[in-house]
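Asker: So the chains spell out like this:
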Amino acid sequence: MTVRARAVLGYGLLVGIGLAAPFLVYPVFAMNVLCLALFASAFNLLLGYAGLLSFGHAAFLGAAAYAAGYVTREWGLPTEAGLLAGVAVGAGLGLGFGALAIRRSGIYFAMITLGFAQLVYFLAIEIPWTGGEDGFQGIPRGKLLGVLNLDRPLVMYYFVYAIFLAAFWLIQRTIASPFGHVLRAIRENEPRALSLGYEVSRYKLTAFVLSAALSGLAGALRAFVNQFAALPDLYWHTSGNVVLMTLLGGMGTVTGPSVGALLVGVLENYLAGLGSWVTVITGTVFVLCVLSFRRGIVGEVRALVKRSF
Amino acid sequence: MVPDDLLLETRDLTKDFGGFLAVKHVDLRVRRGAIHALIGPNGAGKTTVFNLLTRFLSPTSGSIWFEGRDITRARPAQVARQGVVRSFQISAVFPSLTALENIRVALQRARGGTFRFWRSDRVLEGLDGRALSLLADVGLEDQRDVAAVELPYGQKRALELATTLALEPSLLLLDEPTQGMGHEDVGRVAELIRRAAAGRTVLMVEHNLPVVAGLCDTITVLQRGSILAEGSYAEVSRDPRVLEAYIGAQA
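From first to last, the protein sequence lines are chains A and B. For the first sequence, the residue numbers in the working numbering are 12 to 320. For the second sequence, the residue numbers in the working numbering are 3 to 253.
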């Protein structure tokens, strides 16, 4: 099988599962998985292709959720405007955090992003309109283009799915674009990229803002799915979770983060009855993954396929 | 020497690493079109000079002039875009990229549009012709689809040189281009450098004296961060101070 045929088959399978999902599982669950998959894919753009480990991506997801909720519930703007607000807030925060964080690398970069994210978390606790511990509730789903009623689960599902596919396409396009090639070169040998005349920090910042904007899209979308925005979205636990999903599925693979998000989503949803044991189980899965198949699920499958063809 | 003839000049260049003067008051003058060698015992400050020239390090004092412009405060990428391109002591390739892709990274920068994340990478195929001819120049045309990490050492260095030449630099800075090479590879790389030097200026750090003798028209000898002697190979190799400091130190 050629690479292209394999890719078509792989994507075809994914699209098929996505189309059938709301008939197989609870639609709200499927939508939440899609939002997390988009979030993890956006995160992977930064970690897997620019080599930057951010530990503050919860800020983009969470802040965008509040922003989308605010402009629709308080100002009565349509859902589309809510999504745009989420993307704008994600990109804006990404530009601010990123401009400062990319001056450092490795653990220092991670800590700066974590610090900023915690700042946003405490702001959300302090600002009155966020609803504090209760969260920002009653976000209206509204009507798509003023016509399609998004309160109907199937309509909402396919809306979320369409946005997921579009964003996913943009991410994989970015990876394969001229920009993506430069990003890979920087990740592989930064001093060399610099000596070839690339202003390395501008490329990193662009990748950071793109990743933050797409994380914002995921956050805004999720606010409409669940009809609320809450503090846990902003908490550092969410930033850790996205690292987990990405590594589990396969960092630096196009579909890996989505697979990771699905797995984590399934674990959290179907084992919810076990209470705090879920954390122990996901933790164990994570440790096993890092110890025994470091390339992640998709990464290992890809290596296996490469060997056998 | 007519000052107009100078492509690169440093004035009183000094680098102080917390009390250790790695480079002391160096006035280096590189003539346009020259193949200029920087030699000296280990720890003489050769690589530090390179890092200062390419702005990977900032000098403590002194200035650097290229084409009559002061580049002492320019950013590394700016210096590279002005035509000062370096190679590294340890071969610098993009390991998981193929040989062809390595060259394309360099060609892409000159082409522009490197921020276009929404474009397909098929637009890069337009660079393949030039990339292949650069690969052929260094004898790597059959390795176009081999990941750089899998190339033997000598070919990695050849790939690095081809990538550097893809930028058509007016000043080529080579940091120990033959280091760690077998006899056969040394001869090949020296020949590559000779061809690459046509129409441009080369400043190279090199330990292999036969290579220096065969290639370079001007030689600057550094010792403990200062210039000890300068001139042609014949002049420098007769200089008693050089014999004592350099050859004597090696014996």
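In short, the hints are calculated from the structure, not lab data. Just so it is clear, CB atoms sit at the ideal spot from N, CA and C, and this is done for glycine as well. A few of these clues could be false.
A few chain B positions that, by computed beta-carbon distances, are all more than 10 Å from chain A [as the list claims (entries may be wrong)]:
id : residue
1  : Thr16
2  : Arg33
3  : Thr56
4  : Ile73
5  : Glu103
6  : Ala108
7  : Asp123
8  : Ser135
9  : Glu178
10 : Gln181
11 : Gly184
12 : His209
13 : Pro212
Partial list, derived from the structure: chain B residues whose beta carbon lies under 8 Å from chain A [said to hold, decoys possible]:
id : residue
14 : Thr100
15 : Gln110
16 : Ser228
Asker: Each hint should be assessed against the structure and marked as holding or not.
Answerer: Hints and how they fare:
At the 10 Å boundary, the C-beta of B:Thr16 stays outside the reach of chain A, the nearest C-beta of that chain being 23 Å off. Even its closest Cβ contact with chain A, about 23 Å, leaves B:Arg33 beyond 10 Å, as expected for a residue assigned away from the interface. With a cut of 10 Å on Cβ distances, B:Thr56 falls inside the contact zone with chain A, its closest approach being about 6 Å. Against chain A, the non-interface label of B:Ile73 holds: every CB pair exceeds 10 Å, the least being about 13 Å.
Distance to chain A contradicts B:Glu103 as a non-interface residue, since its nearest Cβ pair spans about 7 Å, not more than 10 Å. With a least beta-carbon separation of about 5 Å from chain A, B:Ala108 fails to lie farther than 10 Å from that chain, contradicting its non-interface assignment. For B:Asp123, the shortest C-beta to C-beta distance to chain A comes to about 5 Å, within the 10 Å cut-off, and the non-interface label is violated. The claim that B:Ser135 lies off the interface holds: its Cβ sits roughly 19 Å from the closest Cβ of chain A, which is beyond the 10 Å cut-off.
Its beta-carbon lying about 15 Å from the closest one in chain A, B:Glu178 satisfies the requirement of being farther than 10 Å from that chain. With a minimum CB-CB distance of about 17 Å to chain A, B:Gln181 clears the 10 Å threshold, and the non-interface call stands. Look at B:Gly184: its CB is around 24 Å from the nearest CB on chain A, clear of 10 Å, so calling it non-interface holds up. Taking the minimum C-beta to C-beta distance to chain A, about 21 Å, the non-interface status of B:His209 holds against the 10 Å cut.
B:Pro212, annotated as away from the interface, keeps every beta carbon of chain A farther than 10 Å; the closest lies near 28 Å. Given hint, B:Thr100 at the interface with chain A, is violated; its Cβ is 11 Å from that chain's nearest Cβ, farther than 8 Å. Nearest Cβ of chain A to the Cβ of B:Gln110: about 6 Å, under the 8 Å cut. The hint holds. Taking 8 Å as the C-beta cut-off, the interface hint given for B:Ser228 is violated, the closest approach to chain A being about 26 Å.
Violated hints for the displayed structure, listed by number in ascending order: 3, 5, 6, 7, 14 and 16.
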